[in-house]
Amino acid sequence: MDICVLVDNLVQKNVTESSLKPEWGLSVWISYRGRRILLDGGTSGVFAENARILGIDLGQADFAVLSHAHYDHADGLPAFFAENDHAKLYVRSGTGENCYDCSKEELRYIGIKRGFLEAYADRIQYVDGDYKLADGIALIPHKTEGLDTIGKRIGMCVEVDGQMCPECYDHEQSLVFETEKGLVIFNSCSHGGADNIITEVARTYPNRNIYAVFGGFHLYKSTDEEILAFANRVKETGIEQIYTGHCTGEHAAELLKEQLGDIVHQIYTGMRIRL
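For the sequence shown, our numbering gives the first residue as 87, with consecutive numbering after it.
Misleading hints may appear alongside valid ones.
Capping the alpha-carbon separation at 25 Å, the derived lysine to any residue pairs in SDA-like fashion look like this [unchecked claim]:
{"#": "1", "residue 1": "K267", "residue 2": "D256"}
{"#": "2", "residue 1": "K199", "residue 2": "I240"}
{"#": "3", "residue 1": "K229", "residue 2": "D256"}
{"#": "4", "residue 1": "K199", "residue 2": "A168"}
{"#": "5", "residue 1": "K321", "residue 2": "I240"}
{"#": "6", "residue 1": "K218", "residue 2": "C90"}
{"#": "7", "residue 1": "K107", "residue 2": "N295"}
{"#": "8", "residue 1": "K238", "residue 2": "A168"}
Please keep in mind that the hints were generated in silico from the structure rather than gathered at the bench.
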């Protein structure tokens, strides 16, 4: 399995010459057993520009996956459709253009750009439950009860029938691969809690080792106490490798590394990983 980060908040430190552009968002290219998958498209078309620089042809993608219905993962996807005329975009059936930040007095829309789902309806595949993309590749929904308590605590909500309700993240999904070392989980923001997600996948695949988790952990606004408590919960899962960035935040990533050691890796735009 080969992984390339097409865009993240960061570029590699101490690199003086680089034409790669970072942005607030995430997009990842994954090659696995002859299949090529695009996970998310960042906030803009920057990921596609970076892909060309990195020698990656988006037109070769067999599938595209949207991790969840937020702008910083979906709004760059028109650039993907412009370069790929066949790959379906797989999204949860709970996906809509209805996500808001309600942590302050004034609501802020943070969802998919209005009209996207209709404009690209012929390229979008809605899925429910555990969904097999191909041999060894699956999309797994949240299976933890009461995730709306997390949505309420961090101030995220969705509009349902004209009413604002705390997020339950029914539009968020994990992309899971079976490898010789064990399962590898991708979840770009892990709003439902990376520790919960690891447990969800473990229960979905009983008696299977979970090797690695890759993605953002949405800790950039968390207190040190919250981050350390999270680190302890993740440690209890027995996960062997952690690749994190985007909404984790650099400070939180450093604390995680202090607590969990060398299993924690900070991702950045242009990073290549072979598992």
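Q.
Just to be careful, I want the Cα atoms of K199 and I240 compared with a cutoff of 25 Å; is the pair within it?
A. This hinted pair holds, its Cα atoms lying about 22 Å apart.
Q. Is it true that the CA of K267 sits at most 25 Å from the CA of D256?
A. Given pair K267, D256 is violated - Cα atoms ~29 Å apart, limit 25 Å.
Q) Does the alpha-carbon distance linking K199 and A168 stay inside the 25 Å limit? A) holds, 17 Å
Q) Is K238 within 25 Å of A168, Cα to Cα? A) Violated - the C-alpha atoms of A168 and K238 are around 37 Å apart, more than 25 Å.
Q.
Check the hint pairing K107 with N295 against an upper bound of 25 Å on the C-alpha distance.
A. violated, 36 Å
Q: Decide if the proposed pair is consistent with the structure: K229 and D256, CA atoms, cutoff 25 Å inclusive.
A: Roughly 9 Å between the alpha carbons, so the hint for K229 and D256 holds.
Q. Between K218 and C90, is the straight-line Cα distance small enough, at 25 Å or below?
A. Measuring from Cα to Cα gives roughly 22 Å; hence the hint holds.
Q) Given the hinted pair K321 and I240, is their alpha-carbon gap at most 25 Å? A) Holds: K321 and I240 sit about 23 Å apart, inside 25 Å.
Hint compliance for this structure: hints 1, 7 and 8 are broken, all remaining hints hold.
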